[in-house]
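> Sequence:
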Amino acid sequence: MRKMRAFRNQLFLLLTLGFSSAIAFLSASFYAATQRIIPGVDFRQKHLGFVWGPRDILTYETQYKTAGAPVAFASCPWIHVVRKDEDIYSPILRKLFNESHHIFVQLQKSTDAAASKAKKPRFVSISKNYRSVIRACMEELQQNAVSARDAALATQYGNQVSILLAVELIWNLCEVLFIDAAPAGTLLLHLLDWVRLHKAGVDEQAHEVLQSESPAQHPAYWDVVISYVLQGRMVEARQILGKQASQQPGARAVYKLLDNLMMKMPIYNPGGNQTLTEFDVRWRHWREECTRCLEDSSFAGDPHLELICKILLGDEDTLLEQKELLGTWYHFLVTRLLYTQPTVKPTELHYYAQSSMDMFLGPRAPEPLDSILLAAFEFDIHQVIKDCSIALNNWWFVAHLTDLLDHCKLLQSHNLHFGSNLREFLLLEYASGLFTHHRTGGFILGSLPLACREEVPVFIANKSHFLGSCIIGCSCETGLWQLAVDYFDHCPEFGRVYLEMQIERVPLDTERKAVKVLRICEQRQMAEQVRSICKIMAMKALRNQRLGSALSWSIRAKDAAFATLISERFLQDYCDRGTFSDLDLIDNLGPAMLLSDRLTFLGKYREFHKMYGEKKFPEAAKLLLSLMTARIAPKNFWMTLLTDALPLLEQKQVIFSAEQTYELMHCLEELTSGADDSKDEHVGHVSWRMRRVNTSYVLG
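Read in order, the letters of the sequence shown correspond to residues -22 to -1, 1 to 678 in mature numbering (1 follows the signal peptide of the UniProt record, and there is no 0).
Hint data in this document are derived by calculation from the structure and do not stem from the laboratory.
A portion of the hints provided could be inaccurate.
Simulated crosslink set (DSBU-like; lysine-lysine; CA at most 35 angstroms straight-line) [said to hold, decoys possible]:
#  : residue 1 : residue 2
1  : K536      : K630
2  : K491      : K594
3  : K301      : K491
4  : K582      : K613
5  : K242      : K288
6  : K323      : K242
7  : K73       : K536
8  : K513      : K494
9  : K593      : K513
10 : K513      : K491
11 : K288      : K221
12 : K73       : K221
13 : K98       : K323
14 : K387      : K98
15 : K323      : K301
16 : K594      : K536
17 : K301      : K106
18 : K106      : K364
19 : K98       : K491
Pairwise CB distance ranges (calculated) [as the list claims (entries may be wrong)]:
#  : residue 1 : residue 2 : range
20 : M479      : P625      : 51 to 59 angstroms
21 : H468      : P99       : 17 to 25 angstroms
22 : R509      : E628      : 42 to 50 angstroms
Virtual Cβ for every residue (Gly too), placed ideally from N, Cα, C.
Please model the complete structure; the sequences and the hints are all you need to start from.
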C-alpha cells in the first residue's frame, strides 16, 4: 500500500509534461516536467504549505522564513488552488475516453474462464481497437496543431500528440510481448512492425527523394536507402537502390550482387510449411554468402554498398554509426536482432535489450521511457505499470492496459495488501478522476485571500467558484462522470463503495442531471443516495417556490416529513390564492398520497374540489365530512372546510343528512370552543350561517 501511495503521489506532483513533437525526444520528455510558478509567492524567502484535496492542492505562504531571507519583505496574502492535468482533458482527448469506454465495456462481457488460444485473437483485436482510438486522436490533434494560429495552442497540441505517441508505443510493445505472446521467429516480425509503425518518417523522405528531378543525386538518397535496410524493408530499399545503379553502368555488377543478397535474404513465414530450424539453416547460409562478399572486397569500391553489406551482417560498430538514422536504442535492438538473431526467443530478449540500450546510450543515463520499454523487454509487467503510472499524467493508460492484461490472466499473482488487486486499484483511480475532474479542466492556478473565514469567490480559469466547492465538491466534466459509473460497476470489491462516495459529489446543477444521477442510483439499489438526491432537489425546488417539483422529489425520496411540509405549503398557498397550483401533479398522486396524512388530505381535498366542480354534490359532501371526522384534515384548516360546506348546506336540494349536519355542527363547536368569535369576523360569520342552516333543518 505504501508503494502504491508513493507512485500515486509522484504522479500528482508531475505538474505539466513538456513533450517534444519528435519521437526522438519522447524519452527525455517523460520526466521533463515544466514548473508552474505561483504568482506572488517567493519560495526562496518563505516556506510554502499545502493541503491535499480530492484532485487539487491548496498552497499558501507560511510564516517560516528560509535561511538568509531578509527580515522584512512583502508577503503573499492568498491561498492558491493548484490542479493537474492541463492537457489530458481537452475536448479531443475526451473522445479517447468515450471510445475506450465502449471497448472496455465490451471486454468485460467476455467470460471469466482461463485465457485460451481461442481467446488470444479476441484480446489482440481488443488491444488493436484501443490503439486505433489512440491513433485517431493523435491524427486529429496533429491536424489541429497544424491549423492552429496561436503558437501556444499549437505547442499544446504538439505536446499532446507526443504523449499519445509514447502511450501507443508502449501499448504496442506490450501487445506484442504480453497479449499476442508471439513465439520465436514470429516475435521478430512483430517487433519489426512495431518499429516501422513508429518510424514512419522514412516514407515521407523517400517520397521527396523519388519526386525530385534526380533521385540518385538527392542529399537524402543514401539516408533513405540505409533507413529502409535498417528496418528490414528490402523491397523498398532495392527499388530506390536501382535508381543509383541505372546511372552507373560500370558498377551495375556490384549493385546487382548487393541486390541479389538483399533479395535472397530469408524471411520467416509463420503460415508456411518451413520449420523454424529449416529457416535458421537457410538464414545462416545467406549470412555466410554476405560474409564472403565482404571478405573478398566485392564492395570495396563503393563505401555505401560496403556499409549496407556490413549492416546485413549485423556489425555492431556499423550499426552504432547509424545512431542518427536509428534514433532510438530499441530500433537499434530490433535491427541488431534482425541481422544477428532472427529466431530470438522471448526469454532471450532481456539480455539483448539491456546490452543494446547500454551500447546505444553509452554513458548517458536512461530516461523514464527507456526504463519502461526495458521493463517490457524483461517481461516485468508490474514494473511497466508502475513506471507508467509515475511517468504519465493520468490513469487512463495503466487502467485500461492492466484491465486487458488481467483478462489475459497475466496479473493473477499480484494482489495488493489492502484487499483489492492491481486492476481494481487502477480502475478505481481512473474512474475517480473522471468523477472529480472540474469543468474547467487542466493544471490551473486559482487564488483566494488567506485571511478569509467565510465562503468567498475563488477565480479559476476565468470562472468563479467557491472555496467549499473547490475542496469538497466539484463540477464534473460533462459526460465523463457517467463513463466512470461503468468502471466502478466492474470493480467487484470496492467499486460500489467508491461509486456511493463519488456520486454524492456530483453537483446537481439541473433537474435533468439529477434525474440521470438518480437513475444510476436506482438501477443499483442505492437507496440512501436516492433519498439524499431527492431531498437535495426538493429543497432546491422549495427555495425557488416550485412547490410541484418539490413535492414530486419528496415523494420520490419517500420522505414523509418533507412531503408533509410541502403539502402544508400547498394548502397555505391555496388559502392565500384560492386556487391550487400544479394541478396535474396533485390530480395524479395515486398511491403516493398515502406517504403522509397531510399529503393524503391534500389529494382528497383536491378530489372534493373536482367532485364539486362536476356537481357531484352528495359524493363531495360525504368526502368533505370524512376528512374532518376522520381527523385527516389539519385542525387549522377546518374553518376552510366548513366554509366549503356552506354552499352545500344552502342548496335547495338536501345534500347533508341531519346526522351529517349534526357532525358538522359538532366540528364547528369543537373548533370554536374557547375562541372569541368577536375577534375573528370570518369565524363568527361561518358560525352564524351554520347555526342558521341547522335551525332551518330543525324547524323544517
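> Each hint: holds or not?
We went through each hint and held it up to the structure:
Proximity of K536 to K630 is assessed by CA-CA distance (about 45 angstroms); at most 35 angstroms being required, the pair is judged violated. The straight-line distance between the Cα atoms of K491 and K594 is roughly 43 angstroms, outside the 35 angstroms bound, and the hint therefore fails. A hinted pair counts as satisfied when its Cα atoms are at most 35 angstroms apart, and K301 with K491 does not qualify at roughly 56 angstroms. A hinted pair counts as satisfied when its Cα atoms are at most 35 angstroms apart, and K582 with K613 qualifies at roughly 16 angstroms.
Restraint check: the Cα-Cα separation between K242 and K288 comes to about 16 angstroms, which is no more than 35 angstroms; the hinted pair holds. Between K323 and K242 the CA atoms are separated by roughly 24 angstroms; this keeps the pair inside 35 angstroms, and the hint holds. Between the alpha carbons of K73 and K536 the distance comes to roughly 39 angstroms, so the proposed pair goes past 35 angstroms and is violated. This hinted pair checks out: K513 and K494 have alpha carbons roughly 15 angstroms apart, not beyond 35 angstroms.
For the proposed pair K593 and K513, the alpha carbon gap of about 39 angstroms is over 35 angstroms, so the pair is violated. Between K513 and K491 the alpha-carbon distance is near 15 angstroms, which keeps this suggested pair within the 35 angstroms criterion. Between K288 and K221, the direct Cα distance comes to roughly 21 angstroms. Compliance with the 35 angstroms bound is thereby established for this hinted pair. With a CA separation close to 45 angstroms, the supplied pair K73 and K221 exceeds the 35 angstroms bound.
Restraint check: the Cα-Cα separation between K98 and K323 comes to about 19 angstroms, which is no more than 35 angstroms; the hinted pair holds. For the hint linking K387 to K98, the alpha-carbon distance of about 11 angstroms falls within 35 angstroms, and the restraint holds. For the hint linking K323 to K301, the alpha-carbon distance of about 25 angstroms falls within 35 angstroms, and the restraint holds. At roughly 33 angstroms between alpha-carbon atoms, K594 and K536 fall within 35 angstroms of each other, so this suggested pair holds.
For the hint pairing K301 with K106, the CA-to-CA distance comes to about 30 angstroms; that is within 35 angstroms, so the pair holds. A hinted pair counts as satisfied when its Cα atoms are at most 35 angstroms apart, and K106 with K364 qualifies at roughly 22 angstroms. Our distance criterion of 35 angstroms between C-alpha atoms is broken by K98 and K491, whose separation comes to about 40 angstroms. Taken as a hint, the range 51 to 59 angstroms holds for the pair M479 and P625, whose Cβ atoms sit roughly 57 angstroms apart.
Between H468 and P99 the CB atoms are about 23 angstroms apart, so this pair conforms to the stated range of 17 to 25 angstroms. At roughly 47 angstroms, the beta carbons of R509 and E628 sit within the given window of 42 to 50 angstroms.
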